[in-house]
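> As a plain string of letters, each chain reads:
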Amino acid sequence: MTLIRCTDVTMRYGGVTALSNVTFEIDRGDNICIVGPNGAGKSTLLKGLLGLRPLDSGKVEYIGTKRSEIGYLPQQTSVGVGFPASVREVVLSGRLGRAGFRPFYNRADRAAARDALKRLGAEKLADRPFGELSGGQRQRVLLARALAAADSLICLDEPVAGLDPEVTAGLYELIDRLNREGMAILMVSHDLDAALQRARKILHIDGGVRFFGAAEEYAKTQEAARLRGDVRREEEAG
Amino acid sequence: MSIGEAFGTLGEMFSYGWMQRALIVGTLVSLCAALLGVMLVLRRVSMIGDGLSHVGFGAMAAALAIGAAPLPFAVPLVIAAAFLLIRLSRSERVGGDAAVAVAASSSLAIGLIIVSLGPGMNADVSSYMYGSVLAMNSQDVVLSLTLSAAVLGLYLFSYNRLFAITFDEGFATATGVRSGLYGTLVAVLTAVTVVVGMRMMGALLISSLVVFPPLAAMRVCRSFRGVTVWSGVIAVSCFLVGISASCLCGTPVGASVVAADLVALLLCTSVGRAVRDSKR
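First to last, the protein sequences are chains A and B.
Under our numbering, the first residue of the first sequence carries the number 1, and numbering increases by one thereafter.
Under our numbering, the first residue of the second sequence carries the number 1001, and numbering increases by one thereafter.
Note that these hints are calculated values from the structure, not bench results.
It is possible that some hints are incorrect.
[What the hints assert, rightly or not] Chain B is faced by these chain A residues, among others (derived, beta-carbon under 10 Å):
{"id": "1", "residue": "Phe83"}
{"id": "2", "residue": "Glu89"}
{"id": "3", "residue": "Ser93"}
{"id": "4", "residue": "Gly97"}
{"id": "5", "residue": "Ala108"}
{"id": "6", "residue": "Pro129"}
{"id": "7", "residue": "Leu142"}
{"id": "8", "residue": "Gly207"}
{"id": "9", "residue": "Val209"}
{"id": "10", "residue": "Phe212"}
[Claimed, not checked] Cut-off 25 Å, straight-line C-alpha distance, at most; resulting in silico cross-link-like pairs (SDA-like, lysine to any residue):
{"id": "11", "chain 1": "B", "residue 1": "Lys1279", "chain 2": "A", "residue 2": "Lys66"}
{"id": "12", "chain 1": "B", "residue 1": "Lys1279", "chain 2": "A", "residue 2": "Asp30"}
{"id": "13", "chain 1": "A", "residue 1": "Lys59", "chain 2": "B", "residue 2": "Tyr1159"}
{"id": "14", "chain 1": "A", "residue 1": "Lys66", "chain 2": "B", "residue 2": "Ser1223"}
{"id": "15", "chain 1": "A", "residue 1": "Lys66", "chain 2": "B", "residue 2": "Arg1276"}
{"id": "16", "chain 1": "A", "residue 1": "Lys66", "chain 2": "B", "residue 2": "Ser1105"}
{"id": "17", "chain 1": "B", "residue 1": "Lys1279", "chain 2": "A", "residue 2": "Lys59"}
{"id": "18", "chain 1": "B", "residue 1": "Lys1279", "chain 2": "A", "residue 2": "Gly136"}
{"id": "19", "chain 1": "A", "residue 1": "Lys59", "chain 2": "B", "residue 2": "Asp1277"}
{"id": "20", "chain 1": "A", "residue 1": "Lys118", "chain 2": "B", "residue 2": "Arg1222"}
{"id": "21", "chain 1": "A", "residue 1": "Lys118", "chain 2": "B", "residue 2": "Arg1178"}
{"id": "22", "chain 1": "A", "residue 1": "Lys59", "chain 2": "B", "residue 2": "Ser1223"}
{"id": "23", "chain 1": "A", "residue 1": "Lys124", "chain 2": "B", "residue 2": "Ser1158"}
{"id": "24", "chain 1": "B", "residue 1": "Lys1279", "chain 2": "A", "residue 2": "Cys6"}
{"id": "25", "chain 1": "B", "residue 1": "Lys1279", "chain 2": "A", "residue 2": "Val81"}
{"id": "26", "chain 1": "A", "residue 1": "Lys66", "chain 2": "B", "residue 2": "Arg1222"}
[Stated by the list, open to error] Take a look, some chain B residues computed to stay more than 10 Å from chain A by CB distance:
{"id": "27", "residue": "Glu1005"}
{"id": "28", "residue": "Leu1010"}
{"id": "29", "residue": "Ala1164"}
{"id": "30", "residue": "Thr1175"}
{"id": "31", "residue": "Val1177"}
{"id": "32", "residue": "Gly1250"}
We treat Cβ as the ideally placed atom computed from N, Cα and C, and that holds for glycine.
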């Protein structure tokens, strides 16, 4: 069953066309990685899907889900560093989409937040100040917030950027477990090898769709080889 | 002066009508500024408060020059400025802080030019700059009561949304919270707070009511709820301490309140540091 259908989406960014004619679908239980070089429009596409940036043409249809029932883990920024908020306050805010016009959280919201923390093995962090957590703990809590919001789909924008290998592996493991439990995953990733290992489908973006299909198929394509070369060059240059 | 005498003097002062109006307006304005300030400081747009106070000064001076009533003239102008500043501070092309600086100094400049051209209104203008405890009339009382009802209502019924857009606007918007609407609402309420409080606290000092209490609260609290509540408590206590000190020592009310806020900030900083050190 289709959750979101994206048809002929074109988006501009600062006057330049960042994406043109992007068409793809997210199905129930999917595990899709969006890959592509720097500046290819990966994050822009994700923001377009979530209604955070306007589309210039094309459409995004929510079929098996609602906007308020999608979990989102934004690209890691300085947001939250030093911010006075307890972990519980942060995870609870994932429930806002459900609350509608209800001004306060109810018992179900509190239970969902507790449950999300528990599923990610972070229930001990509930009373800690968010701003004082380590990078890995912060991402885990933000994943819990996304999980508290999500019914069927979590969208993640470079969730492991800046984390050390051990923490990265742990976070990937958590994400994969959520996927095995039925949650569809749409992840923007810079790490092609991890994407090929973990994701079932690959969406290669570079100004438009270069490939969309099974990860095994993608591994054999020219695009994958070229992207791997690009990434390596970027790494060597950086 | 003994403590008994001091309380006697204060009791006498607080029995005057102008003093009671100053107390009501000051307490409410301090509370509103502190609550709105939590959002402005944490979203790193607190310079909007400063910008708005300069725009407010220009508007008040213009109102005096053309003989218009200050509040009805200044409130819509400053609200319009708030819309503009919020929009500019979000724009990706112009630096928001630079935009606020431009709006602030140009309104101040225009205000000062108007003042220098018109004869005989320098006394009023200097009271706008530095504040005067005598400035509050019954219109201010009504306006500050309405304003604080709006601010408290917003915080009571949208507290969770305000938290979400302050903490992570992208996420809040993705789950369907109308972030732009709330951001604008906060800016508009800040504009009204600044205009109402300005003539008592002074255009140069009013923005400190937005900045000091949240900063002080953030030194000792680690949750958003704690910071919000303590910011309000600190703001109201500092106002009451400041205005009492101003009565007893004959110092300007705005400056005395800001001095009390500064003491509170320093106290909270050392308490916060001591607590963190003791945990290590």
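> Are the hints correct? Go through all of them and say.
Hint-by-hint comparison with the structure:
Annotation: phenylalanine 83 (chain A) was flagged as interfacial toward chain B, and the flag holds, the nearest CB pair being 6 Å apart, inside 10 Å. The interface hint given for glutamate 89 (chain A) holds, since its Cβ lies 5 Å from the closest Cβ of chain B, which is under the 10 Å cut-off. Against a cut-off of 10 Å between C-beta atoms, the interface hint on serine 93 (chain A) holds, since the closest Cβ of chain B lies about 4 Å away. Restraint check, glycine 97 (chain A) versus chain B: the minimum CB separation of about 3 Å is within 10 Å; hint holds.
Taking 10 Å as the C-beta contact cut-off toward chain B, the hint placing alanine 108 (chain A) at the interface is violated, the least distance being around 14 Å. Because the closest C-beta pair between proline 129 (chain A) and chain B is about 4 Å apart, less than 10 Å, the hint holds. Given hint, leucine 142 (chain A) at the interface with chain B, holds; its Cβ is 8 Å from that chain's nearest Cβ, closer than 10 Å. Taking 10 Å as the C-beta cut-off, the interface hint given for glycine 207 (chain A) is violated, the closest approach to chain B being about 20 Å.
Violation of the interface hint for valine 209 (chain A) is found here, the shortest Cβ-Cβ separation to chain B being roughly 22 Å, above the 10 Å cut-off. For phenylalanine 212 (chain A), the interface hint is violated, the least distance from its beta-carbon to any beta-carbon of chain B being 23 Å, above 10 Å. For the given pair, lysine 1279 (chain B) sits about 45 Å from lysine 66 (chain A) by alpha-carbon distance, which is inconsistent with the 25 Å threshold. With a CA separation close to 45 Å, the supplied pair lysine 1279 (chain B) and aspartate 30 (chain A) exceeds the 25 Å bound.
Proximity of lysine 59 (chain A) to tyrosine 1159 (chain B) is assessed by CA-CA distance (about 33 Å); at most 25 Å being required, the pair is judged violated. For a cut-off of 25 Å, the pair hint linking lysine 66 (chain A) to serine 1223 (chain B) is broken: about 30 Å separates their Cα positions. Straight-line distance between C-alpha atoms of lysine 66 (chain A) and arginine 1276 (chain B) comes to about 43 Å, which puts the hinted pair past the 25 Å bound. For the suggested pair lysine 66 (chain A) and serine 1105 (chain B), the alpha carbons sit about 47 Å apart, so the restraint of at most 25 Å is broken.
Distance restraint check for lysine 1279 (chain B) and lysine 59 (chain A): the Cα-Cα separation of roughly 53 Å exceeds the 25 Å cut-off, and the hinted pair is therefore not satisfied. Of the pairs offered as hints, the one joining lysine 1279 (chain B) and glycine 136 (chain A) holds, with about 22 Å between alpha carbons and a cut-off of 25 Å not exceeded. With a CA separation close to 55 Å, the supplied pair lysine 59 (chain A) and aspartate 1277 (chain B) exceeds the 25 Å bound. For the hint linking lysine 118 (chain A) to arginine 1222 (chain B), the alpha-carbon distance of about 22 Å falls within 25 Å, and the restraint holds.
Under the criterion of a C-alpha separation no larger than 25 Å, the hint pairing lysine 118 (chain A) with arginine 1178 (chain B) is inconsistent with the structure, at around 30 Å. For the proposed pair lysine 59 (chain A) and serine 1223 (chain B), the alpha carbon gap of about 40 Å is over 25 Å, so the pair is violated. Between the alpha carbons of lysine 124 (chain A) and serine 1158 (chain B) the distance comes to roughly 28 Å, so the proposed pair goes past 25 Å and is violated. The straight-line distance between the Cα atoms of lysine 1279 (chain B) and cysteine 6 (chain A) is roughly 51 Å, outside the 25 Å bound, and the hint therefore fails.
For the suggested pair lysine 1279 (chain B) and valine 81 (chain A), the alpha carbons sit about 20 Å apart, so the restraint of at most 25 Å is met. Taken as a hint, the lysine 66 (chain A) and arginine 1222 (chain B) pair is broken in the structure, with Cα atoms around 33 Å apart against an allowance of 25 Å. Every Cβ of chain A is farther than 10 Å from the Cβ of glutamate 1005 (chain B); the closest lies at roughly 42 Å, confirming the non-interface assignment. Residue placement check: leucine 1010 (chain B) keeps its beta carbon more than 10 Å from all beta carbons of chain A (closest about 35 Å).
Listed as outside the interface, alanine 1164 (chain B) is inconsistent with that label: its C-beta sits roughly 4 Å from the nearest C-beta of chain A, within the 10 Å cut-off. For threonine 1175 (chain B), the shortest C-beta to C-beta distance to chain A comes to about 3 Å, within the 10 Å cut-off, and the non-interface label is violated. Not every Cβ of chain A is farther than 10 Å from the Cβ of valine 1177 (chain B); the closest lies at roughly 6 Å, contradicting the non-interface assignment. Non-interface status of glycine 1250 (chain B) relative to chain A is upheld: no Cβ of that chain comes within 10 Å, the nearest being about 38 Å off.
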